[in-house]
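Dock chain B against chain A, hints included.
There are 2 protein chains.
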Amino acid sequence: MSSTIAIDAMGGDFGPQVTIPASLKCLAANPNLNIILVGDEGVLNGMLVDALAKYNDRLSVQHASQQVEMDEKPQSALRSKKDSSMRVAINLVRDGQAGACVSAGNTGALMAIARFVLKMIPGIDRPAIISTLPSTFGHTHILDLGANVDCTAEHLYQFAIMGEEVVKAVEGIAEPRIGLLNIGEEDMKGNEQVKAAAKLLESSSLNYIGYVEGNSINAGSVKVDLIVTDGFVGNVALKSIEGAAKLFSTKLKELFSKNIFTKLAAVVAYPVLKLFKESIDPRLYNGASFIGLRGLVIKSHGGADELAFLTAIQLAEIEIEQGVTRKISDKVAVTLENRG
Amino acid sequence: MSSTIAIDAMGGDFGPQVTIPASLKCLAANPNLNIILVGDEGVLNGMLVDALAKYNDRLSVQHASQQVEMDEKPQSALRSKKDSSMRVAINLVRDGQAGACVSAGNTGALMAIARFVLKMIPGIDRPAIISTLPSTFGHTHILDLGANVDCTAEHLYQFAIMGEEVVKAVEGIAEPRIGLLNIGEEDMKGNEQVKAAAKLLESSSLNYIGYVEGNSINAGSVKVDLIVTDGFVGNVALKSIEGAAKLFSTKLKELFSKNIFTKLAAVVAYPVLKLFKESIDPRLYNGASFIGLRGLVIKSHGGADELAFLTAIQLAEIEIEQGVTRKISDKVAVTLENRG
Chain A
1081 MSSTIAIDAM
1091 GGDFGPQVTI
1101 PASLKCLAAN
1111 PNLNIILVGD
1121 EGVLNGMLVD
1131 ALAKYNDRLS
1141 VQHASQQVEM
1151 DEKPQSALRS
1161 KKDSSMRVAI
1171 NLVRDGQAGA
1181 CVSAGNTGAL
1191 MAIARFVLKM
1201 IPGIDRPAII
1211 STLPSTFGHT
1221 HILDLGANVD
1231 CTAEHLYQFA
1241 IMGEEVVKAV
1251 EGIAEPRIGL
1261 LNIGEEDMKG
1271 NEQVKAAAKL
1281 LESSSLNYIG
1291 YVEGNSINAG
1301 SVKVDLIVTD
1311 GFVGNVALKS
1321 IEGAAKLFST
1331 KLKELFSKNI
1341 FTKLAAVVAY
1351 PVLKLFKESI
1361 DPRLYNGASF
1371 IGLRGLVIKS
1381 HGGADELAFL
1391 TAIQLAEIEI
1401 EQGVTRKISD
1411 KVAVTLENRG
Chain B
1081 MSSTIAIDAM
1091 GGDFGPQVTI
1101 PASLKCLAAN
1111 PNLNIILVGD
1121 EGVLNGMLVD
1131 ALAKYNDRLS
1141 VQHASQQVEM
1151 DEKPQSALRS
1161 KKDSSMRVAI
1171 NLVRDGQAGA
1181 CVSAGNTGAL
1191 MAIARFVLKM
1201 IPGIDRPAII
1211 STLPSTFGHT
1221 HILDLGANVD
1231 CTAEHLYQFA
1241 IMGEEVVKAV
1251 EGIAEPRIGL
1261 LNIGEEDMKG
1271 NEQVKAAAKL
1281 LESSSLNYIG
1291 YVEGNSINAG
1301 SVKVDLIVTD
1311 GFVGNVALKS
1321 IEGAAKLFST
1331 KLKELFSKNI
1341 FTKLAAVVAY
1351 PVLKLFKESI
1361 DPRLYNGASF
1371 IGLRGLVIKS
1381 HGGADELAFL
1391 TAIQLAEIEI
1401 EQGVTRKISD
1411 KVAVTLENRG
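Read top to bottom, the protein sequences are chains A and B.
The numbering of the first sequence is my numbering, which starts it at 1081 and goes up by one.
The numbering of the second sequence is my numbering, which starts it at 1081 and goes up by one.
Honestly, the hints are just simulated from the structure, not real lab data.
For chains that are exact copies, the list does not tell them apart, and a pair is met inside one copy or across any two.
Taking lysine-lysine pairs in the PhoX-like style, the calculated list, with each CA pair at most 20 Å apart, reads:
#: 1; residue 1: Lys1303; residue 2: Lys1326
#: 2; residue 1: Lys1153; residue 2: Lys1269
#: 3; residue 1: Lys1331; residue 2: Lys1303
#: 4; residue 1: Lys1407; residue 2: Lys1248
#: 5; residue 1: Lys1248; residue 2: Lys1303
#: 6; residue 1: Lys1269; residue 2: Lys1279
#: 7; residue 1: Lys1153; residue 2: Lys1275
#: 8; residue 1: Lys1331; residue 2: Lys1357
#: 9; residue 1: Lys1199; residue 2: Lys1411
#: 10; residue 1: Lys1357; residue 2: Lys1343
#: 11; residue 1: Lys1354; residue 2: Lys1338
Chain A on its own, in the form it takes in the complex:
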């Protein structure tokens, strides 16, 4: 079965310089993939002469006359950029012409437009952002990463229900182990929302393992597949880990380039250091899914290079193939029926 992805070709810090080569690599790798590149057709067609011929009906360009700026306010983008590459790409998802949209553009604008155009899945109050990080056990999925700064227990519970479907689909795990992010593992710890969410999760059919702390994202004492938290905490945790990774790589580089002896050591250790770099390469974890909407939207890091953007497209491919949006809708419908 073929999948079609709409790419916001103009989004991100590098626009078509990154989105086009990444798209072409994905087309080459997956013969069942179709891509619609959305953006200024003058620019895109000029860069795609050979590719359009090569991929024929698997690759097309959809014109969009506007572009959402990286620092544009979401409300302004929503009101005045109705023909932006971002909006047109999301429209293609709404109209069923694409199974997902991938954009490296302005996160706030992407969320506002996606929510406005696609609407919410009935039963879900708020969309959430979910992504993956490496852990000593493999991967940890975490949500919400910034869509919601204040969350009730019910919101956190809904995130768990949606997140479980994503983890099942992406990791192929039957019953993902779900943890609730807190500042201690004891019952008495945490704020009111978290304590109330724990009660909802305990009485649900989800494989809820209890409270987990921040270290569980990358290296906890027990495996956790999905960590649920509000968007403020999740975003801070994600960025704190990014900062830690940058500190470690900066220090390592600094120490290995100190003098002739350390530089020689770096040469000898190069194969290992290369594997190390690859094993924690954030580009291989690029791509956050907006879930809770009636259509798939994948947000790539704005500064994504070709490899990183390609990773985000591949995530979209998997989530389309697995029918993540439908699975979430079905699960929500069943869960709501059971409750009411």
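Same frame as chain A, but now just chain B:
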């Protein structure tokens, strides 16, 4: 001028096995330091025969018949452990016999007892926990790390005032650069408390530089000396960074011990890897100060080894010498006068 520190000798995962050797090293290093070891005098005297003779009036043992368990509920410790090593050590601070107390015991119990025994500085609503992390610019201090799960803007503002005095004292920086932790740097980002706290900080005399994101703790684009946040977010950020550090060191170790070639590479790279490990060694950042109380309490990591516990004692030495508690009280008094 001499300083006296009361050590909860029984606290932490290893008790006197760690607290005693660390204390003796500090006594050897600082001739102006006096230490009172608090705990079971039978146990302590037995381990201190030579040291008590050597350090004479600089080292003493204060008997305490009880011990707070690592998993004991704070309220239970507060009510039923009135002769615990933790409580007696804090009493010594209240009575002016010690300038600070250092404990590796149960955090919740330590905070509850410290608050009950020492009382708050007038004008401060809640105590906070502050600690230091390495950054590409040197160090970043961050508070609150878990004392308060829900904070108003006023609480965050008070944390900034207190934290500034700690950073001035510990780092010798005249006007520490203060950032407010948020999920974006734009004005519109964040929850209501954070937005309101930003207004208070902007109109204060503090060197407030604006919102910072999670990555600024270890490696932001601009230097920030003090990051202010609530205890839930601060605790998650701190532990997320701990998890990232553990993941990186685990991966590095794994890759270097893969086969005979990588093991040889590890031998060649050993001096650099050793320096790397030291440069991010969490033991050198051990010690979190409870501030806002009428006396100094330093919390060491429960699993601290000798080096880590020694670091926490040294932090207490600096904060006593610098008169951090008095400086906070004075600043709070002046700030309150100016406001009202």
